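Participant: Using the sequences provided together with the hints, build the complete structure.
Number of protein chains: 6
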Amino acid sequence: MPKIVTFGEILMRLSTPGFQKISQAETFECTFGGTEMNVGAALVNFGFDVTHVGVFPDNHIGKKAKSFIRKLGISDKEIHLKGKRMGLFFLETGAVSRASQIVYDRADSAFVNLNPEWFNWEEILKDADWFHWCGITPAVGEKPAIALLEALKVAKKLGVKVSSDIYYRSNLWNYGKTPQDILPELASYSNVVLASRKNIEEIFGITTEEDKGRFQMASRKLMERYPNIEKVIDTERIQISASHNRLNARMWNGDEYLKSQTLDVTHIVDRIGTGDAFLGGFIYGQLIYKDDLKSLEFGNASSALKHTIPGDQNLVDIIEVDSLMAGDGSGKLKR
Amino acid sequence: MPKIVTFGEILMRLSTPGFQKISQAETFECTFGGTEMNVGAALVNFGFDVTHVGVFPDNHIGKKAKSFIRKLGISDKEIHLKGKRMGLFFLETGAVSRASQIVYDRADSAFVNLNPEWFNWEEILKDADWFHWCGITPAVGEKPAIALLEALKVAKKLGVKVSSDIYYRSNLWNYGKTPQDILPELASYSNVVLASRKNIEEIFGITTEEDKGRFQMASRKLMERYPNIEKVIDTERIQISASHNRLNARMWNGDEYLKSQTLDVTHIVDRIGTGDAFLGGFIYGQLIYKDDLKSLEFGNASSALKHTIPGDQNLVDIIEVDSLMAGDGSGKLKR
Amino acid sequence: MPKIVTFGEILMRLSTPGFQKISQAETFECTFGGTEMNVGAALVNFGFDVTHVGVFPDNHIGKKAKSFIRKLGISDKEIHLKGKRMGLFFLETGAVSRASQIVYDRADSAFVNLNPEWFNWEEILKDADWFHWCGITPAVGEKPAIALLEALKVAKKLGVKVSSDIYYRSNLWNYGKTPQDILPELASYSNVVLASRKNIEEIFGITTEEDKGRFQMASRKLMERYPNIEKVIDTERIQISASHNRLNARMWNGDEYLKSQTLDVTHIVDRIGTGDAFLGGFIYGQLIYKDDLKSLEFGNASSALKHTIPGDQNLVDIIEVDSLMAGDGSGKLKR
Amino acid sequence: MPKIVTFGEILMRLSTPGFQKISQAETFECTFGGTEMNVGAALVNFGFDVTHVGVFPDNHIGKKAKSFIRKLGISDKEIHLKGKRMGLFFLETGAVSRASQIVYDRADSAFVNLNPEWFNWEEILKDADWFHWCGITPAVGEKPAIALLEALKVAKKLGVKVSSDIYYRSNLWNYGKTPQDILPELASYSNVVLASRKNIEEIFGITTEEDKGRFQMASRKLMERYPNIEKVIDTERIQISASHNRLNARMWNGDEYLKSQTLDVTHIVDRIGTGDAFLGGFIYGQLIYKDDLKSLEFGNASSALKHTIPGDQNLVDIIEVDSLMAGDGSGKLKR
Amino acid sequence: MPKIVTFGEILMRLSTPGFQKISQAETFECTFGGTEMNVGAALVNFGFDVTHVGVFPDNHIGKKAKSFIRKLGISDKEIHLKGKRMGLFFLETGAVSRASQIVYDRADSAFVNLNPEWFNWEEILKDADWFHWCGITPAVGEKPAIALLEALKVAKKLGVKVSSDIYYRSNLWNYGKTPQDILPELASYSNVVLASRKNIEEIFGITTEEDKGRFQMASRKLMERYPNIEKVIDTERIQISASHNRLNARMWNGDEYLKSQTLDVTHIVDRIGTGDAFLGGFIYGQLIYKDDLKSLEFGNASSALKHTIPGDQNLVDIIEVDSLMAGDGSGKLKR
Amino acid sequence: MPKIVTFGEILMRLSTPGFQKISQAETFECTFGGTEMNVGAALVNFGFDVTHVGVFPDNHIGKKAKSFIRKLGISDKEIHLKGKRMGLFFLETGAVSRASQIVYDRADSAFVNLNPEWFNWEEILKDADWFHWCGITPAVGEKPAIALLEALKVAKKLGVKVSSDIYYRSNLWNYGKTPQDILPELASYSNVVLASRKNIEEIFGITTEEDKGRFQMASRKLMERYPNIEKVIDTERIQISASHNRLNARMWNGDEYLKSQTLDVTHIVDRIGTGDAFLGGFIYGQLIYKDDLKSLEFGNASSALKHTIPGDQNLVDIIEVDSLMAGDGSGKLKR
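Protein chains in written order, with this note's numbering: chain A, 1 to 335; chain B, 336 to 670; chain C, 671 to 1005; chain D, 1006 to 1340; chain E, 1341 to 1675; chain F, 1676 to 2010.
I should point out that these hints are in silico values taken from the structure, not numbers from a laboratory. Bear in mind the structure is a predicted one, so any value in this text is a computation, not a measurement. Glycine residues also receive a C-beta, built at the ideal position from the N, C-alpha and C atoms. Hints may be right or wrong, so weigh each one.
Here are the simulated lysine-lysine pairs, DSSO-like style, with alpha carbons at most 27 Å apart [said to hold, decoys possible]:
#1 K417/B x K338/B
#2 K1131/D x K1148/D
#3 K491/B x K667/B
#4 K1828/F x K1757/F
#5 K1759/F x K1538/E
#6 K1561/E x K1466/E
#7 K1166/D x K1203/D
#8 K1089/D x K667/B
#9 K512/B x K1759/F
#10 K1757/F x K3/A
#11 K2007/F x K1599/E
#12 K63/A x K1678/F
Listing some non-contacts, in silico: residues in chain E with all C-beta distances to chain D over 10 Å [said to hold, decoys possible]:
#13 Q1360
#14 H1420
#15 F1429
#16 P1524
#17 E1542
#18 P1567
#19 N1568
#20 I1628
#21 S1663
#22 D1668
#23 K1672
Facilitator: Structure follows, in structure tokens:
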């Protein structure tokens, strides 16, 4: 099966039971999440071989996180147990018009304080088929940004395909650099970029006119500037309420503008990690189906299914995604 | 109140909390279910006197199952504590486009290994008004099939009304016989048969043409062949998603084709046992209302309400069913 | 911030987990609720200073209830620990067409047996901006009715604004008086009355004709009879199912008939206390916005949000209500 | 198997999880208990046929209590669903030097308000071998006292053996009668009385001198006065801490003073109902072993085992009691 | 009742259920603890008026902590909601020879980053009877140390009694100062100091000879050097296992060496906060009994009882402590 | 670190919460256990590299078990997902004189039906330092016995050390062979045998006289007969109660009789898997300390600590064992 490498921070997630507000909770459900690792977890369930590269603190919490990713089926052999604390976040899950809320407590984590020299990327990426990264990594600290850049250079050298989720949350960039300083170079090493039109405009300074087809226009300009980028993908979400979303995905692949079906998710259980579930499904499609539209559809169906699973990771298998992708959203009991 | 006798296997049900996948669960919620017993449980809540006939293993699990049915209000005096194991199943509850999944572990159970001589049907059915059975019983083993046939013969002799749920799951028939070998004779002793048109065609070799009214046609042919059968009923389910179904029931009673209203169940809590809830309601209607359409409506409303209750059994009372049957689906708080 | 005083009974609420029926529950979730206190709790979350006046039994349960209201941020300094028992209720939460059910066990509580002389209303209401009461208080016993009347007289003397929820549940009036005997005098001291047209007709003997505008007509007649009443408000609820309601609020303020938007609550978590949440929001609007329509909208949005929170109290903050009131019901994740 | 009839009140028990104080609990574990019913429950586990006679309210709580006793294996056919409320108590479980605490809320319950004419004792006691009652029943109200006296007269007439637990809690006697008014007549119908020397002195006005053998002396005098009493039994408990007790039982049977071994219970899980467990074991001994010392030993071992089981009832079987009675307190794993 | 002021950091405590290792836990039980606040909490349960002075982050976690201390009955009006994060710790509870373990994650908390100018000590301490502080406060940062020194100066000026727990954990002192630099001046403002002989030697450079009475000797020298110190107290703990400890307390009060009884705690539920429970009891004794030996005994009994309560705070009332202090450790059920 | 290979069946363990009887449980806590895997799990926590060889069913339960052993840190690459069911057992945990009870439901599991040809032992054992097996494996079926014999032959050839736990439960041997038929040959390939004197006599037909030193005598005779056996070890357990055991271990190593200290475990949390914890510790001692007495002590301390951890596996680390082995059983809180 294909070998996937992901790199990024993992946080402990402490969520309230049911729909309790943080103020109500007497217990927190503990799991772990991290956008790149979540992508990997989805791929494990599709049968892939996944290694996550990361840094956890050298204490019982770091060891707990290691056992968590092993449980998911992800290799922990590139996890460094160094440093003092694990970032974490508190989550309360909303419903209807009440939004879910996250309180982050992630400053000064073991990952932020990593040493780029710890990672032997030649070794790590040796047999890999795909490397995935996200824009949070270079946001949280200069050292992660340096390590990521090295990884990308090695990936290019070794011919490993690279996908990136150009996630742009301005309040994370606190070490003196801006997304505009850092992300363009990193993106230039990617073969597939997940980004909205607005992201593209803000990060790369690309402009489009108010007109139909702005996403294609932005994507085309991005790909002209960075010829390594082969495909730009984007997920769209119509938020009817915290309990009800409509999902689709689209792509400019240099030749065509492709768009998936729209899937209706009417009783959301857990919205966190659904974008990562899309990417896991999309990468599966790229490597197995080798068909762009099917990749979008498989990714979109994966994302829809993730909305029904508690926790950060998508845990459905190929049968479940195939069934939905084939149009069966009936949820008929499997005996 | 009317006396009901049911006969069949009961399984331990181990379900994941909330919407967890089986892979996530650290605890399982334990209850018990069995299609015939579930029908009986619904009738207890409508005030009937119900005895379930069955076999549980002679250990703490069998005793636990006995106390479970007593708690429901079903008499356990015809339960035999003999044999080694209780069949069980693991359940994960789906949502939206993710289906619920069941993993069965029921082979070689105490029930499958029963001795037909253990049951004194003359005694058991002496004062009974109704006997209910399901097609799973003759599927799981030859001994249950023999015991069931004896029960049916005695029921006929004593004038006990018989209903049957011709449930046809081919992967359960593993002892050398087929549904076609066994079910027709058993069905011939029934006064009421729950079966889809497709079931009738497959089990009894009856053919219909692609045209309106195929269910009626199949039912009529079935009743011609087996004059003991007075009514054929069928439940229909439109599965919009695992969280949202639409339900109705219909009947051919020899004279008329009757069809209930369609009820919309938009936020499903637990779909298991909803067919049994229909049958419980239908039998109530037959014995109390003595009106076929009302029986269908009462059954259909019962089934709709069961979708909101965790566990295998319908636990609503007559007031709740009457209210929905009378058209009040508003769920207005009762103080 | 404004100072609010509320007066009324508080009950222990014992609710089944998930959607269990009372018959199924092996544990009960314990919280406390009381309509007037719930109004206060909502206002604490909007930054107000709230004191609840009440009576709890002088035992561990009474102390637990005191610590509960402190946790909510309500002052417990006017709670009297006297008497023997705390009223309580058992709750099972319905879904779809299955209604929630409440079993009350509230007779002969410490509150019902209060001594009106315990309360020094001059002191309690000294700096208050608003006093809120509900029609349950004079229903449960003569002593609470007397204490309430005294409070209202003092409030009038001190110029404290008064709102009342003319809640009329006939089965609560068991001490020889009727709502018609008692409520009109109490209502005459209120500046704002929450009442449906039907309530107004039944309690005050006011008649209206079957025609458009009956609520306005009833309100106008009420205000003519009791000139102290400045505004009559009413909440309307279309109950599509126990899981899905539509909400709006309306008002006759002497000059104009005002009506809020209708909000759709499609996945109800907990319906209890949503009327109180409306009133909390409405009072906020009256004191902060000083605008009647905005008060209705803020109240209606508060009520809609409460439907998503387990327990009796609304725990959302101003940001959450403002967001919904501004039309954003998308429930978009807040990081 | 022997048939046992018990009569008395049953309360809902709401206990805090783990060792939480009542002030801490956010959930309560719900079960039911009642001293006479607890005695019966123990006997069900030893194979006896037990019917409890009682009154529960005619609501969902009363029905829940009925299903609870059925689950235990006790017949509910003599339970009357009449009246308005079920008494209840809150329990926090202590440890070491912190005592367990109970907050009662039992006033004005359905049982207290029973109508003695509801019970057809001739029918109820027809085939019974043993009837058991406790001193709480005549304490809580005059009507229960009247019903009990009638039951005792019928029992005597039919030759049913009677045991009584002369439980004397002065704060329960609130309807104008004292234990001294009522208990002597009731005790006079008993064949076996469980009472401490102090109980005998206070209730019956019997005096003994400070000397060895005062229990025997009191018992002898009691039996002289009431010749129907054949045996007086007493349980002794040395309370080293809330977690560690030492238990023994003793008896004067008219001929001999008998005393059981002392059993050391070092890690108490739940102390409630341990006296009832003793009585259940003792009655088993009387009816099966027909040997007084063995009855004391079986009762004392039963009581010791009950200390390890959560809830009010003893749920061990004969094998477990026999094993401890035979001296094996090793708790060796049974596979 | 006496008014108490405490000042110090509060941490969120996330503990594993039962005896799970951190690696096993899927949920964490959430509460809050802080040594000074814990002392205050114990005093609230003895009827005192307690205000805690502290700093929580300005987010949902900080608000949750505020509501937590209000629930305990502590005034939150001197809590500042400023800063970004709340320190926290993970706890696994050991048993027998397996020690409990704590993983701290408390660096850079809102409390550590406080501004000493936020606190108006003249106002805060105006009517106070007692001020309590602990050696952790000056350890975690220079700003807390400055704030504390100011508080102590004001306390002295206003004649408020001061107690201190000279807690000396060297790994907490990371900002460039040592305990020896800071603690002596702070201690010089205390009237009562809790310190072991070893603490006194290490912090103050006081020497004693290996001989009986070294604690008295050290205490005497300390009091000679700092004449404001009137009493030195010390708690001793013999740790037989994580489940079984023996406790006593001792004091040098300038005149006499006093020592409490030794209490045996054989089934420990939660050992955290037991030293704080001692101090709460001791301060109660000082202010109510005004007797040094009784203060030690009340404190020691309080500490013993705290070992049976989950969470950081002592929640027993005076009746429970009095009972144990009077020698009744029988844990006899209170009805 | 040393590489360990274990081979054997793994069962799902469904245990009741707290001290509930099986009859009481509404939920079961789900984990997995297997004696050989448990030994491996203990060694993972000591830093070893462990591979378990086994067979799980090809369904969600088998996958769940795989993720469970990965979470523990055991390699799952030699787990075959083939067959239909996973054996399981229900556990209720006793206390004091009430024994824990296990109900097995393990017949006809995937492991029992394995095909010996699935295992390439040359490959599996290539770099291994140690192989461990237990007498349950050849008991449950002929195919496991054949696979085990092959493994042992390869281990011998490759010079891998072999330990065996000659577990002899007669009711497991149901396929026509006896322990006497099978175990001697298997044992002959072991370097270390864990067996009681009674086991040795019964399995190998070795006789000893009633006299001191019978274990040494039996061991010596065993080693004479099977020269490959270098050491015979035995664990002794004095069962004071289900809550309190005393533990020691002993050995005959051909030269000396060695005996560990006795450790007192006074508050047992979970007794299951404590023998496996001993073996894990013992193997650690053999490979790291290379000292027999230290091996016994490390094993015995490991076993003692396991009694405090819920679940089948020992999860303590070297620091914790070292501390107890060094005599510190004080359970002093680690911060």
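Participant: Could you work out which earlier hints the structure fails to respect and list their numbers in ascending sequence?
Facilitator: Violated hints (numbers, rising): 3, 5, 6, 21, 22 and 23; every other hint is consistent with the structure.
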